[in-house]
Amino acid sequence: MSAIMERFTGSGRFSLPVSLKTREAIAAYTFLAPFLIFFAIFFVRATIASVEMSFYDWRLLRPTRPYIGLQNYLELFDDPIWWSSVVHTLYFTAMTVVGTSVVGLAAALAVTRPIHGRGFFRVLLYIPQLMSVGAVGLIWNWLWSGQFGVINYLLSFFGVRPINWLGEPDLVLPVLSFTTIWWTFGFPMLIYIAGIQGIPEHLYEAARIDGASGWQSFRYITLPLLRPTILFVTVTGVIGHFQVFGQPYIITGGGGPGRSSWTVIIYLYQQAWVAFRMGFGAAVAVVIAIIMAIITTFQFKIISRPVEY
Amino acid sequence: MLKRFGLIAGTVVLVTVMLMVSMSMGTVQAQEQPTATPPTVGTGATHISFWNGLTGSDGVTLIEMLGKFAEENPDISVTVEMIAWNTLYQKLQTAFVAGTYPEVFLLHASEIPQYASYGVLRDLGDQYTSGGGWLPDDDLSETTMSGLVWDGKIYGIPLDNHGRGLWINIDMFEAAGISTDYTQAPTTYEGWVELFQKLTLDANGNNALSPDFDPENVVQWGYTVGEWPNVNFLAALYQHGGSFLSEDGKTITVNSEAGMTALQQTYDLVYKYHVSPPPAGFDTWQGFGAGTVAVLPTGTWYRNQSLLQTDINSMAWPNWQWGPNKATWFGIHTFMVPAGLEDPVKLDAVLRMIRWVSEHQVDWAASGQVPARLSAQAALDPENYPSNILLGKTFSEYGIQDPRTTVTQELLSLLDAGLQEALNNIKPLDQALNDAAALMQEALDRAG
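Chains as they are written, first to last, in numbering that gives the first Met the number 0: chain A, 0 to 308; chain E, 0 to 447.
Keep in mind that the hints were calculated from the coordinates and are not lab data.
A few of these clues could be false.
[To be verified] Chain E residues, not near chain A, derived (Cβ > 12 Å throughout):
| # | residue |
| --- | --- |
| 1 | 39 |
| 2 | 141 |
| 3 | 173 |
| 4 | 205 |
| 5 | 215 |
| 6 | 351 |
| 7 | 359 |
| 8 | 378 |
| 9 | 389 |
[Stated by the list, open to error] Derived coverage of chain A by chain E (criterion: at least 3 residues anywhere in the stretch with Cβ under 8 Å from a Cβ of chain E; other residues may be distant):
| # | segment |
| --- | --- |
| 10 | 60-67 |
| 11 | 138-150 |
| 12 | 246-258 |
| 13 | 261-273 |
Please read these numbers as outputs of a predicted model, since none were measured by experiment.
Here a beta-carbon is modelled for each residue, glycine too, at the ideal position from N, C-alpha and C.
Hey, can you work out the whole structure from these sequences and the hints?
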């Protein structure tokens, strides 16, 4: 008791027997606590449960859940449908990440120029990003329709016969990627705008004095200094687009034709929620998480060199 | 520093308390002002929850019927939750795991083996006269009754038979010089091909029998294979003497010679005779509604759409016959009760509701489906319910149902993907069917 009392100064203020750094850390963790608690309950616990579940033959309603070790993983790696789903996903992700990055950067460059109505165009270009995947899916299902689609209708003016956009296995993934780029390029655009505005103006002034062209300024100033921004956009893009589900599921009606637009998440969905094989589905989820971690680490390694202004 | 720390801690506590209060207030408000969806019918003190997948116009009919039930049973209220079928399957399984399942639900009878094998269904045999109950066993067709039994017990009370038939565009038939009398319909595959050829027109008005026909520029299709291919395949499979499973239920037999014939016939309609578009990317209902399809292979549930769309003059025909035997697919919407429902008051309310609906099945015909009870079928007005009567007879006489296994949905999903691969030229027919059969066999073996 006396030790506690000694911590009161003569002015009556309470003084913790810890350093300033520790006290600031306590304050920081106090603020972080609500998030960490939710994170622990709904993410860490769920992740551990998923890993555990992946070692069992776990049917949702079946009373018995026998332990089967790595059997789910071995079956997964032996399934050609899984590997084709991986290929579809990588193909889609590559197209879409490149597409959203390029279109987002182009849009950002356009709307950071001193033009009239700049704010209006920024909002206009960002609006598709605000739509739900359900709305996007239904709208583009109609637009791409081989029967009544507006796209085929417009192409007919150029003598193009109706194309079965969603019925051709070779066309369906590019079509879905195009749709996704239209839908999601707004977020990279916003990030690029912030990145471009962070580049010191005097660098461009110096380049102009040295006679640099617009392209040279972009190639040797804007692009190198946007490297961290590009990293962020590609990493978040890969993470997001690798988990694509709604677009193929809604626009093609389940990942068709056949399994031509099955992605790894559709594969997971089929196993966990059509076949109700929760253990196998958990194994799929674990493998997807590992793949994404590898890709993200790889991206960091090749792009994250330090940038100096 | 103490002041600053106190401010921080106080802010965190205040925010936390405000969040908790606002969340609890939200809960209270939610309890005080129940949302209109899902609808609750009646105001009785005994409240039961009823889940089903009747999200179409049939759901409207059901709500109307339950409204009358509630008027006659003022002590009961029913919350009716209508969920798309695929989502319902998922939600129901998770609800059973969590112990939050409804007091009664409606599923397809083909789900009985799965749920019954997990022990979550109540044996409803005591509701039938053979078990001392009120529902006469002989008021159901043998084909219907066969779908309700698993391991010698009856786990469901059937609401309807819903299944396959054809909806034909009368004006197109008349323009092609084809009788709309279904008794004049072909009874062979070749006869049906010729009928579809007469109804398929290119942009120059040539039908598919004409040497000048341009298959690349079709403006009116005689048929469409894209409407739910797996049930069409099943009908053709059985018509050719095939079956889904071996007699002992342990072997997938869809890739038999009969299965290959059924698939080849379907494929030829698209790529040899050019009377149907490839299935992927073709909306069959939209095609029929827009007047670009002459024969729509769909179900009893199309009745109300047919009545609504007055610019298309249509009528129902029995399903086609491509093989030597008659067969058409049908399913059974079936009331099921959880085995865990032990509250005698709620159980009594559930069984009263099921009985009331069963005894008023004539009203259910307004949904387009065929009442399951033969007495209700016999009581239907031919003027108002011609399609229900016509197709109902086919289900009773030669209807076939989905395979009865504990993994039926998984099997059908695998079959569907295989059929899509074949009919969209992704794989050769034999490879597509054999691959699908192999995957289905694996699923069946896993189920044990």
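To see whether the hints hold, each was checked on the structure:
{"no.": "1", "hint": "39", "in the structure": "holds (27 Å)"}
{"no.": "2", "hint": "141", "in the structure": "holds (30 Å)"}
{"no.": "3", "hint": "173", "in the structure": "holds (24 Å)"}
{"no.": "4", "hint": "205", "in the structure": "holds (17 Å)"}
{"no.": "5", "hint": "215", "in the structure": "violated (7 Å)"}
{"no.": "6", "hint": "351", "in the structure": "holds (28 Å)"}
{"no.": "7", "hint": "359", "in the structure": "holds (32 Å)"}
{"no.": "8", "hint": "378", "in the structure": "holds (39 Å)"}
{"no.": "9", "hint": "389", "in the structure": "holds (29 Å)"}
{"no.": "10", "hint": "60-67", "in the structure": "holds (count 3)"}
{"no.": "11", "hint": "138-150", "in the structure": "holds (count 5)"}
{"no.": "12", "hint": "246-258", "in the structure": "holds (count 5)"}
{"no.": "13", "hint": "261-273", "in the structure": "holds (count 3)"}
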